[in-house]
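Chemist: Line order of the protein sequences matches chains A and B.
Read in the UniProt record's numbering, the first sequence has 19 at position 19, and its numbers run on one by one without any break.
Read in the UniProt record's numbering, the second sequence has 318 at position 318, and its numbers run on one by one without any break.
Calculated directly from the structure, the hints in this document are not laboratory data.
Glycine included, each C-beta is placed from N, C-alpha and C at the ideal position.
Accuracy of the hints is not assured; some may be wrong.
Pair by pair, the computed Cβ-Cβ distance ranges are [stated by the list, open to error]:
{"id": "1", "chain 1": "B", "residue 1": "V142", "chain 2": "A", "residue 2": "G18", "range": "41 to 49 Å"}
{"id": "2", "chain 1": "A", "residue 1": "G18", "chain 2": "B", "residue 2": "I117", "range": "13 to 21 Å"}
{"id": "3", "chain 1": "B", "residue 1": "S218", "chain 2": "A", "residue 2": "R25", "range": "34 to 42 Å"}
{"id": "4", "chain 1": "B", "residue 1": "K159", "chain 2": "A", "residue 2": "F29", "range": "24 to 32 Å"}
{"id": "5", "chain 1": "B", "residue 1": "L207", "chain 2": "A", "residue 2": "Y40", "range": "42 to 50 Å"}
{"id": "6", "chain 1": "B", "residue 1": "D133", "chain 2": "A", "residue 2": "K32", "range": "18 to 26 Å"}
{"id": "7", "chain 1": "A", "residue 1": "F29", "chain 2": "B", "residue 2": "P165", "range": "28 to 36 Å"}
{"id": "8", "chain 1": "A", "residue 1": "Y40", "chain 2": "B", "residue 2": "L170", "range": "26 to 34 Å"}
Chain A side only, calculated, beta carbon under 10 Å to chain B, not exhaustive [what the hints assert, rightly or not]:
{"id": "9", "residue": "V13"}
{"id": "10", "residue": "R48"}
{"id": "11", "residue": "N53"}
Far from chain B by the CB rule (all over 10 Å, computed), these chain A residues [stated by the list, open to error]:
{"id": "12", "residue": "G15"}
{"id": "13", "residue": "N21"}
{"id": "14", "residue": "D27"}
{"id": "15", "residue": "V28"}
{"id": "16", "residue": "K30"}
{"id": "17", "residue": "C34"}
{"id": "18", "residue": "F36"}
{"id": "19", "residue": "I50"}
{"id": "20", "residue": "A52"}
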Amino acid sequence: MESKPEEPVVTYVCGDCGQENTLKRGDVFKCKECGFRVLYKKRIRRKRLIPAN
Amino acid sequence: MVTKEEKRFAKNFNINNLPDVPNGLPPHLQQTRVVSNSNPLTANASYVPCMGDSVKLGNFYENFKVDVISLTERDMEFDMIGIDAAFANAFRRILIAELPTMAIEKVLIANNTSVIIDEVLAHRMGLIPIAADPRLFEYLSVNDEPNEKNTIVFKLHVKCPKNKPREKVLTSDLKWLPHGSELLRESGGSTSKPKTYTSFSCSQDSLPEFANNPITPSDLDILIAKLAPGQEIELEAHAVKGIGKTHAKWSPVATAWYRMHPKVCLLGEVEDELAERLVKICPNVFDIEDMGKGKKRAIVAQPRKCTMGKGFIRDDDLIELVDLGSVENHFIFNIESTGSLPPDVLFTEAVKILEAKCETVLKEL
Numbered sequence: 001m002e003s004k005p006e007e008p009v010v011t012y013v014c015g016d017c018g019q020e021n022t023l024k025r026g027d028v029f030k031c032k033e034c035g036f037r038v039l040y041k042k043r044i045r046r047k048r049l050i051p052a053n
Numbered sequence: 001m002v003t004k005e006e007k008r009f010a011k012n013f014n015i016n017n018l019p020d021v022p023n024g025l026p027p028h029l030q031q032t033r034v035v036s037n038s039n040p041l042t043a044n045a046s047y048v049p050c051m052g053d054s055v056k057l058g059n060f061y062e063n064f065k066v067d068v069i070s071l072t073e074r075d076m077e078f079d080m081i082g083i084d085a086a087f088a089n090a091f092r093r094i095l096i097a098e099l100p101t102m103a104i105e106k107v108l109i110a111n112n113t114s115v116i117i118d119e120v121l122a123h124r125m126g127l128i129p130i131a132a133d134p135r136l137f138e139y140l141s142v143n144d145e146p147n148e149k150n151t152i153v154f155k156l157h158v159k160c161p162k163n164k165p166r167e168k169v170l171t172s173d174l175k176w177l178p179h180g181s182e183l184l185r186e187s188g189g190s191t192s193k194p195k196t197y198t199s200f201s202c203s204q205d206s207l208p209e210f211a212n213n214p215i216t217p218s219d220l221d222i223l224i225a226k227l228a229p230g231q232e233i234e235l236e237a238h239a240v241k242g243i244g245k246t247h248a249k250w251s252p253v254a255t256a257w258y259r260m261h262p263k264v265c266l267l268g269e270v271e272d273e274l275a276e277r278l279v280k281i282c283p284n285v286f287d288i289e290d291m292g293k294g295k296k297r298a299i300v301a302q303p304r305k306c307t308m309g310k311g312f313i314r315d316d317d318l319i320e321l322v323d324l325g326s327v328e329n330h331f332i333f334n335i336e337s338t339g340s341l342p343p344d345v346l347f348t349e350a351v352k353i354l355e356a357k358c359e360t361v362l363k364e365l
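Taking the hints into account, I'd like the entire structure generated from these sequences.
Modeler: Structural data, given as structure tokens:
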């Protein structure tokens, strides 16, 4: 499965400055720009079908 | 159109001559007329005596009248005189619930990082009125493929840039996609050709009605959502045909309503000081008429403007002098279109639907 490598590379969004951080396994979990330690995961890029009711 | 023979038949028609109608009943069962005493304390603007079996079709042709008072692209006010309340109400109900329109039904959200959650956003999109003639489209049933004959596809992709202030997402940001859906379905096999969510065989652009006027929402300044810097909405909305009965978003009228034309009568001379009091209570309806020699009296100037407020019943003297009721079979109709069709077209379509319903009933009999 090539889409999920052994070391997943994920982009997180900083809670403070909104900067996107690409982190690998083992990286310190904080924003690279402002050092804020709360990072949010990005919304999944899957299409959702919602009825407009 | 109605022929002369049909008119003659209608004039001579008597419901009691039909084979199944029971005869020889006591009079209180045979007659179907209901009469009301126009008592101002209980008179209700919408209460109308039923016409019963004294209505003759021939008389209808002669007595029925329609007067259009005002007509704009969105609003219409007109009078229907000589029609039964059942018909007026039937037209009102059909206008609200059974005239088809196009409205967004499926929302495919690729990305939504705004504070408006997906479901609420989709609900709001459904309520956006779309300026597309529903007669040019077919219904989309569960088994059908969405194609250019039954679906209208819109795209909405707005991103609020990082250093800008908060941005508004308006209906003007909705882009019409005449070629159909652009979002690719995630398919399992990589060898098959990528499919989108619709199967348009030809572009809706090529149809004569849409060649030079693109399909847009009826109003371009409706606020859908607000985005803070960094937030993004990317979605595709598919509009299909439906009726108001299924969901109110498919109702083509903001609303449609009627009222009876008021009948305001002065039961005696209302003079001088009483007249002043009366005009003070209802200045829109009554007016002072100078009779010379310093005497004045009140006259009913504009009964149409009466709102049936019955303010005069609080006054002990006026309550005996003013009679308030409704003119029989005179309906003042108002239709407010949301923009898919002009109001006069909406009404003619409603008449056609009622006609079709009658046909269905007659066929079954």
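Chemist: Going through the numbered hints above, which ones does this structure break? Give me the numbers in ascending order.
Modeler: 3, 6, 19, 20
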